[in-house]
Amino acid sequence: GAGVSQSPSNKVTEKGKDVELRCDPISGHTALYWYRQSLGQGLEFLIYFQGNSAPDKSGLPSDRFSAERTGGSVSTLTIQRTQQEDSAVYLCASSPTVTLNTEAFFGQGTRLTVV
Amino acid sequence: AQRVTQPEKLLSVFKGAPVELKCNYSYSGSPELFWYVQYSRQRLQLLLRHISRESIKGFTADLNKGETSFHLKKPFAQEEDSAMYYCALVRKGNQFYFGTGTSLTVIP
Chain A
1 GAGVSQSPSN KVTEKGKDVE LRCDPISGHT ALYWYRQSLG QGLEFLIYFQ
51 GNSAPDKSGL PSDRFSAERT GGSVSTLTIQ RTQQEDSAVY LCASSPTVTL
101 NTEAFFGQGT RLTVV
Chain B
1 AQRVTQPEKL LSVFKGAPVE LKCNYSYSGS PELFWYVQYS RQRLQLLLRH
51 ISRESIKGFT ADLNKGETSF HLKKPFAQEE DSAMYYCALV RKGNQFYFGT
101 GTSLTVIP
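Chains A and B supply the protein sequences, listed in that same order. Counted the way our numbering counts, the first sequence spans residues 1 to 115. Counted the way our numbering counts, the second sequence spans residues 1 to 108.
In isolation and in its complexed conformation, chain B is listed as follows (with noise of 0.2 Å):
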């Protein structure tokens, strides 16, 4: 079975701090892994893909096959980053698989 897990429900940073969300996954295959953000009053969106290999508003995410884990991480947080994030696991040609979500706020 497929299973996101996201330790933190809720987690609270200091402006210019380093932040990290923990995104752990349990598959046995090769998933494909994202993060979704939703700032307030917005919809849920795209941030990033690890195939993408790609630093979004400064934000990066690594695959770590070894501890199956794909944490998201910024070294500096800005208030602008306060929103809800999920990780989410995808079998190539089937479902996307949400974790229940972090709520990050950036305090100034």
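Just chain A, same shape as in the assembly (with noise of 0.2 Å):
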């Protein structure tokens, strides 16, 4: 695809289940984020993946909260034991980190909502 793609778009879960969420970057992306948008709020940093670099993690609210990236490509946000606190947007990004011009590009974003 030209974009970057999240799915499910939205999903309705109840308290207590788990959740993955998944991000498609752009083909050629080396880096991917994921941030978290709650309901009047702006961007809240999660997680950012670079090539094969250890991830960095600082943004990642609690152990309940991993983040995967295979292949350099796909990555999938897992929520454990969700708690309705957890309801949001995630947005995922990708760029290409090591040219002059770089931008990143976001995805629509998966609304979770906790039940």
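Source of the hints: derived by calculation from the structure; they are not laboratory data. Quick caveat: nothing in here was measured; it's all calculated off a predicted structure. Do not take every clue at face value.
Per the computed footprint, the stretches of chain A lying under chain B, defined by three or more beta-carbons under 8 Å from a beta-carbon of chain B, are [unchecked claim]:
| # | region |
| --- | --- |
| 1 | 29 to 39 |
| 2 | 45 to 51 |
Here are a few chain B residues that face chain A, going by a calculated C-beta distance under 7 Å [as the list claims (entries may be wrong)]:
| # | residue |
| --- | --- |
| 3 | Leu44 |
| 4 | Arg91 |
| 5 | Gln95 |
| 6 | Thr100 |
| 7 | Gly101 |
In silico DSSO-like links for lysine-lysine, alpha-carbon gap of 30 Å or less [what the hints assert, rightly or not]:
| # | chain 1 | residue 1 | chain 2 | residue 2 |
| --- | --- | --- | --- | --- |
| 8 | B | Lys65 | B | Lys9 |
| 9 | B | Lys22 | B | Lys73 |
| 10 | A | Lys15 | A | Lys57 |
| 11 | A | Lys11 | B | Lys73 |
| 12 | B | Lys57 | B | Lys9 |
| 13 | A | Lys11 | A | Lys57 |
| 14 | B | Lys9 | A | Lys57 |
| 15 | B | Lys22 | A | Lys57 |
| 16 | B | Lys22 | B | Lys65 |
From the three backbone atoms N, C-alpha and C, an ideal C-beta is built for every residue, glycine too.
Once you've looked at the hints, go ahead and assemble the two chains, each given alone in its own frame, into the complex.
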């Protein structure tokens, strides 16, 4: 595809269940980011992958959150034992980091609702 | 450490009035700076970047290294400018750092 793709677009889950959110970055982009956007709030950094380097996990809010990036491409964000405060839009972005005119490209987001 | 600060969470201006969205950064080197915009029900997208020195949709932003600022300005706000605006910094070869965003409302 031409852009960053996220699935599902919407996810409603019961409190206590685990969820997986998927991100397909733009082909060839070495950097991948996950952010969270709560209602009426700005961007909250979660995690950053860069090539084969160890990811920057400094933004993950708790150990219930984890993310993987397989083969340097697709990424999955997993939230275990979901809580109501996890309800938010989860955004993924990718960028080609080594070019002069770099730019981060965002997906449309996954809206997670925990009931 | 890299940090981007947007001091205003909410900003309201009347249509036709000038608008300035503030962005300050802390970085010891020479960063690349950007403004991103998110219109209602649309994905976050690049508005402009400082190295291009361009004007997009009437918006401009000047990098002031002395004040470490990259404020976004438009002389005459339009209703369609209502959106969420994010200032961002990237060090070449490294990751993006986004501010917490400013929600702009242009009052008709």
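Right, here's what the structure says about each hint:
1. Counting residues of the region 29 to 39 of chain A whose C-beta lies closer than 8 Å to any C-beta of chain B gives 3; at least three are required, and the coverage claim holds.
2. Note: the region 45 to 51 of chain A has 3 residues with beta-carbon separation from chain B under 8 Å; the three-residue rule is met and the coverage holds.
3. For the restraint placing Leu44(B) at the interface with chain A, the shortest Cβ-Cβ distance is roughly 4 Å, inside the 7 Å limit, so the hint holds.
4. Proximity of Arg91(B) to chain A is violated relative to the hint, the smallest CB-CB distance being about 10 Å (cut-off 7 Å).
5. Hint status for Gln95(B): holds, given a least beta-carbon distance of 5 Å to chain A, under 7 Å.
6. For the restraint placing Thr100(B) at the interface with chain A, the shortest Cβ-Cβ distance is roughly 4 Å, inside the 7 Å limit, so the hint holds.
7. Interface restraint check for Gly101(B): the shortest CB-CB distance to chain A comes to about 3 Å, inside 7 Å, so the restraint holds.
8. Straight-line distance between C-alpha atoms of Lys65(B) and Lys9(B) comes to about 23 Å, which keeps the hinted pair within the 30 Å bound.
9. This hinted pair checks out: Lys22(B) and Lys73(B) have alpha carbons roughly 9 Å apart, not beyond 30 Å.
10. Using a Cα cut-off of 30 Å, the hinted pair Lys15(A) and Lys57(A) holds, with the two alpha carbons roughly 24 Å apart.
11. Between the alpha carbons of Lys11(A) and Lys73(B) the distance comes to roughly 37 Å, so the proposed pair goes past 30 Å and is violated.
12. Between Lys57(B) and Lys9(B) the alpha-carbon distance is near 22 Å, which keeps this suggested pair within the 30 Å criterion.
13. As the CA atoms of Lys11(A) and Lys57(A) are separated by approximately 23 Å, the hinted pair is consistent with the 30 Å bound.
14. A C-alpha spacing of about 26 Å is found between Lys9(B) and Lys57(A), which places the hinted pair at or below 30 Å, so the restraint holds.
15. For the suggested pair Lys22(B) and Lys57(A), the alpha carbons sit about 28 Å apart, so the restraint of at most 30 Å is met.
16. A distance of roughly 14 Å separates the Cα atoms of Lys22(B) and Lys65(B); the hinted pair therefore holds under the 30 Å criterion.
Of the numbered hints stated above, those contradicted by the structure are hints 4 and 11, listed in ascending order.
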